[in-house]
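J.: Guided by the hints, dock chain B onto chain A, whose structure is given.
As a plain string of letters, each chain reads:
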Amino acid sequence: MVLKKIFWTTSITTVRGKKEKQMKTIIVILASLLILPAVCSAQEGDLAAEVRELRAKLERLEKKMTDEEAQKMKRAEAERAALTEQVKKDVMTDVAAKSQSYFGKLVEQTKVGAYGSMRYGTSSLDDLHNTFTFRRLVLTVDSPIAERLKANLELEFERFTELEVEKRLFSSRGVGLQQAVEGTNHSEISLEQAWMQYDIADWLKFRAGALLVPLGRFNINHDDNRWDLPRRSLIDRGVPVLPSTAAWPELGAGFLGDFSAGTTGKVSYQWYVMNGVALDAELEQISQTRAGDTTKFAQEVELRPSRGTFADDIKSGKALATRWAYSPWLGDEIGVSLYWGRYTPDFLPSRPVFSLALDGKKTWGPFEIEGQYVHTRWSGVKDVALPFARKAINSETEAEIGDVETEVEFELANLATSKQGYWVDFRYRFWPEFLGNTLLGKHFANPQLIATLRLEQVWFNQLIKEMAFSSTSLTQFEKENRLLNRVTMGLTYRPVPLVALQLAYEYTRTNRGKSLSSVTNFLTSSKDREYFQHAVLMGLAFGF
Amino acid sequence: MDSKISLRQIGIWLVCLALSLGSSQFALGQEGVFLKDEEAPKAVFPEADSFERKVVRSNEEIKAKIQQRMGKTKTSLWEDSYVTFVAKKGETILGYAAIVEEIGKHRPITFIVGVGPDRKIKDAALMVYREAYGGEVRDRRFLQQYKGKQLKDPLLPYRDIQNISGATMSVEAIGRGSKKALALLEVVYFEGTERK
Chain A
0 MVLKKIFWTT SITTVRGKKE KQMKTIIVIL ASLLILPAVC SAQEGDLAAE VRELRAKLER
60 LEKKMTDEEA QKMKRAEAER AALTEQVKKD VMTDVAAKSQ SYFGKLVEQT KVGAYGSMRY
120 GTSSLDDLHN TFTFRRLVLT VDSPIAERLK ANLELEFERF TELEVEKRLF SSRGVGLQQA
180 VEGTNHSEIS LEQAWMQYDI ADWLKFRAGA LLVPLGRFNI NHDDNRWDLP RRSLIDRGVP
240 VLPSTAAWPE LGAGFLGDFS AGTTGKVSYQ WYVMNGVALD AELEQISQTR AGDTTKFAQE
300 VELRPSRGTF ADDIKSGKAL ATRWAYSPWL GDEIGVSLYW GRYTPDFLPS RPVFSLALDG
360 KKTWGPFEIE GQYVHTRWSG VKDVALPFAR KAINSETEAE IGDVETEVEF ELANLATSKQ
420 GYWVDFRYRF WPEFLGNTLL GKHFANPQLI ATLRLEQVWF NQLIKEMAFS STSLTQFEKE
480 NRLLNRVTMG LTYRPVPLVA LQLAYEYTRT NRGKSLSSVT NFLTSSKDRE YFQHAVLMGL
540 AFGF
Chain B
0 MDSKISLRQI GIWLVCLALS LGSSQFALGQ EGVFLKDEEA PKAVFPEADS FERKVVRSNE
60 EIKAKIQQRM GKTKTSLWED SYVTFVAKKG ETILGYAAIV EEIGKHRPIT FIVGVGPDRK
120 IKDAALMVYR EAYGGEVRDR RFLQQYKGKQ LKDPLLPYRD IQNISGATMS VEAIGRGSKK
180 ALALLEVVYF EGTERK
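Top to bottom, those sequences are chains A and B.
Read in numbering that gives the first Met the number 0, the first sequence has 240 at position 241, and its numbers run on one by one without any break.
Read in numbering that gives the first Met the number 0, the second sequence has 36 at position 37, and its numbers run on one by one without any break.
So that you can see chain A by itself, here it is in the shape it has in the complex (with noise of 0.2 angstroms):
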């Protein structure tokens, strides 16, 4: 096209004949001519160089586009990991915050607490010293584990010091063991109370463990610190005449409660299964030299009624145990129990234990009155010491090898065919304002001193008091009744409620001409005429 316009263009101009236009013409066609194919080939090339640069720039835009994709697939899959892993975190966080705060509370919620005391007594006895005693410390632990379940223990260390054994197997021309058991006197170490409870209705709560044996008010409500007098009384602890000494606990189950009666009224009970007080061996090892004689090695083996096993029972029948208290309005209580159970191990006829319990608290503003009865009934005691002599054979046994002589006894020990007390305690709780400003006063909220007087009587019928046999045969069965007198007078100051600060005197009275040592178990003396005693005891009591 471009070429036949330039010839047309041509043609024109010669035939005008206008040489000067038609030069120019020519010039321009010329010109055109030799530029026009240079423009068309620059612009060809321009074309293509376009054409690769955008080529270039599409395949740089594509891979752009795929290293894009891939770097977004590769933060999404990064960002899925991540999702995965917090999710995983949280998921454990959550599990650990709900386990911990599930242990946690239980630790907050669990408490440990103690009770316990210690006393300086003096005695008007030969053989007891002017001693200061550190009664019990008594660790407490209390957990509600959930929702109407709860845990309860009581571990007890009374006059402890310190338990060592030492043990050691040898050879040396055969196998030899050698053992050494270091301790301190009088010391124990004992599981007073360890129970569950779940709390089904007020009315009904359901207790499994070692219970505290709800005989009496004492048992139940032993805490040194919650009693005004520096020593428990002869009927749960002295004597005693409940079938094991305060505090008294078995094992077993069973259920308690309380419901309202009337307006202001109250009725409680406990009412409990468990093994039960059983005659129990303890042994007595005794090493020692005599002047003028043999040396002397003897094993005392007594069967007395004890706390029933936490292991196998030793008998096959099992004990109830019940109380039942009305309270008609606050601060006043009256209350009657019953314990009844076999206390003969399996080798012996099968005889009961009764007792009876009635006790409360009256109180008048101030002045307050409680007190407790026992009756505890051993059924055939006789029916047992003959079968016992028959299996034990002889009662005491003795041989002489050289300058040792060698004694193992058996008796029976602290069985009467009945034993009936009660103590009875006056108190009266005052505080002279002009205390409130001395440091007896001055830093407590309520402080209180309580003049306290208990009176305490035991009647033992028909107390063993020697017993021998022979040759599976009883040769000697001797009884006798007793009587036992006391009267405490203390007054106590109660900075806080959880302590008390004792001071108490004390006299007890056997009948005239028998030992104090033969009807109590904290009383020793070894002379038929110190048949009363006169003691003054400075106790503390604190529980926290």
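These are calculated hints, taken from the structure and not from any lab test.
Being a predicted model, the structure only gives us computed values, none of them experimental.
All residues carry an ideal CB built from backbone N, CA and C; glycine is no exception.
Misleading hints may appear alongside valid ones.
Unchecked claim - A short list of chain B residues far from chain A (calculated; beta carbon distances all over 10 angstroms):
hint: 1; residue: L34
hint: 2; residue: E51
hint: 3; residue: V55
hint: 4; residue: E59
hint: 5; residue: K73
hint: 6; residue: W77
hint: 7; residue: D138
hint: 8; residue: E171
Claimed, not checked - Beta-carbon label-pair distances, calculated as ranges:
hint: 9; chain 1: B; residue 1: H105; chain 2: A; residue 2: N520; range: 31 to 37 angstroms
hint: 10; chain 1: B; residue 1: S75; chain 2: A; residue 2: S259; range: 27 to 33 angstroms
hint: 11; chain 1: B; residue 1: E37; chain 2: A; residue 2: Y427; range: 44 to 50 angstroms
hint: 12; chain 1: A; residue 1: E163; chain 2: B; residue 2: V32; range: 16 to 22 angstroms
hint: 13; chain 1: B; residue 1: E37; chain 2: A; residue 2: E68; range: 55 to 61 angstroms
hint: 14; chain 1: A; residue 1: N480; chain 2: B; residue 2: H105; range: 44 to 50 angstroms
hint: 15; chain 1: A; residue 1: L357; chain 2: B; residue 2: E37; range: 43 to 49 angstroms
hint: 16; chain 1: A; residue 1: N460; chain 2: B; residue 2: H105; range: 42 to 48 angstroms
hint: 17; chain 1: A; residue 1: V403; chain 2: B; residue 2: H105; range: 53 to 59 angstroms
hint: 18; chain 1: A; residue 1: L148; chain 2: B; residue 2: S75; range: 26 to 32 angstroms
hint: 19; chain 1: A; residue 1: F133; chain 2: B; residue 2: D36; range: 45 to 51 angstroms
T.: Chain B alone, transformed into the frame defined by chain A:
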């Protein structure tokens, strides 16, 4: 007695347990939650038909004012805030109530104290008891002793309050808490900015 008796006894327990589990009227003894926040004011003002709830933030000034009014009685616990209520019947104000906490032996006891316009305790009710022993402080026969008590009263066992044996720490805690509630309501409602 022999082992057969024991088996029979176990059977009796199981029957008792089954019967009790079938009962719908369960209530907790000793520790437990007895009242929720929203139920509490009704327990001390049963005749009220509406309650205005107000949370009072505690600060040093309020603490100082409360302590001043409590006198020698020292609280065992300062709360961060107090839930209080104005109890009304129609447009008439019947009184005020405050939820307070005090430590018993080891754990806090939560309870509500209702105070009448005469600045005397109208009633008190236990909301949460956490101690293992001494749950008898929840009993009506114990709490009704606080009715009519005011800030000037000692609110102490063996003084003007009948003690519960074995729960003296909890009894003292209820007394301290009641005094704290009386002082708080005095500061906030009777003398303070919320005066009605």
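J.: Has the hinted range 44 to 50 angstroms been met by the Cβ atoms of N480 (chain A) and H105 (chain B)?
T.: Holds: the Cβ-Cβ distance is about 49 angstroms, inside 44 to 50 angstroms.
J.: Beyond 10 angstroms from every chain A Cβ: check whether that's true for E171 (chain B).
T.: At roughly 7 angstroms from the nearest Cβ of chain A, E171 (chain B) sits no farther out than 10 angstroms, so the non-interface label is violated.
J.: Taking C-beta pairs only, is E51 (chain B) more than 10 angstroms away from all of chain A?
T.: Holds, because the least Cβ-Cβ distance between E51 (chain B) and chain A comes to about 32 angstroms, which exceeds 10 angstroms.
J.: With d taken as the least Cβ-Cβ distance between L34 (chain B) and chain A, does d exceed 10 angstroms?
T.: Given that every Cβ of chain A is farther than 10 angstroms from that of L34 (chain B), nearest at about 15 angstroms, it holds.
J.: Does the claim that D138 (chain B) lies outside the interface with chain A hold up, using a Cβ gap greater than 10 angstroms?
T.: The assertion about D138 (chain B) is violated, with a minimum of 7 angstroms to chain A.
J.: For the range 31 to 37 angstroms, tell me whether the beta carbons of H105 (chain B) and N520 (chain A) fit it or not.
T.: Given about 34 angstroms between the Cβ atoms, the range holds.
J.: If I claimed the Cβ atoms of S75 (chain B) and S259 (chain A) lie 27 to 33 angstroms apart, would that claim hold in this structure?
T.: 30 angstroms, holds
J.: Quick check on a hinted range of 53 to 59 angstroms for V403 (chain A) and H105 (chain B), using CB atoms only.
T.: For H105 (chain B) against V403 (chain A), whose Cβ atoms are near 58 angstroms apart, the range 53 to 59 angstroms holds.
J.: Between the beta carbons of L148 (chain A) and S75 (chain B), is the distance compatible with 26 to 32 angstroms?
T.: 27 angstroms, holds
J.: According to the definition I'm using, a residue is off the interface if its beta carbon is farther than 10 angstroms from all beta carbons of the partner; does V55 (chain B) meet that for chain A?
T.: About 25 angstroms separates V55 (chain B) from the closest Cβ of chain A, which puts it past 10 angstroms; holds.
J.: Quick check on a hinted range of 43 to 49 angstroms for L357 (chain A) and E37 (chain B), using CB atoms only.
T.: 47 angstroms, holds
J.: Taking the Cβ atom of E163 (chain A) and the Cβ atom of V32 (chain B), is their distance within the range 16 to 22 angstroms?
T.: About 48 angstroms separates the Cβ atoms of E163 (chain A) and V32 (chain B), which means 16 to 22 angstroms is violated.
Checked against the numbered hints given earlier, the structure breaks hints 5, 7, 8 and 12 and satisfies all the rest.
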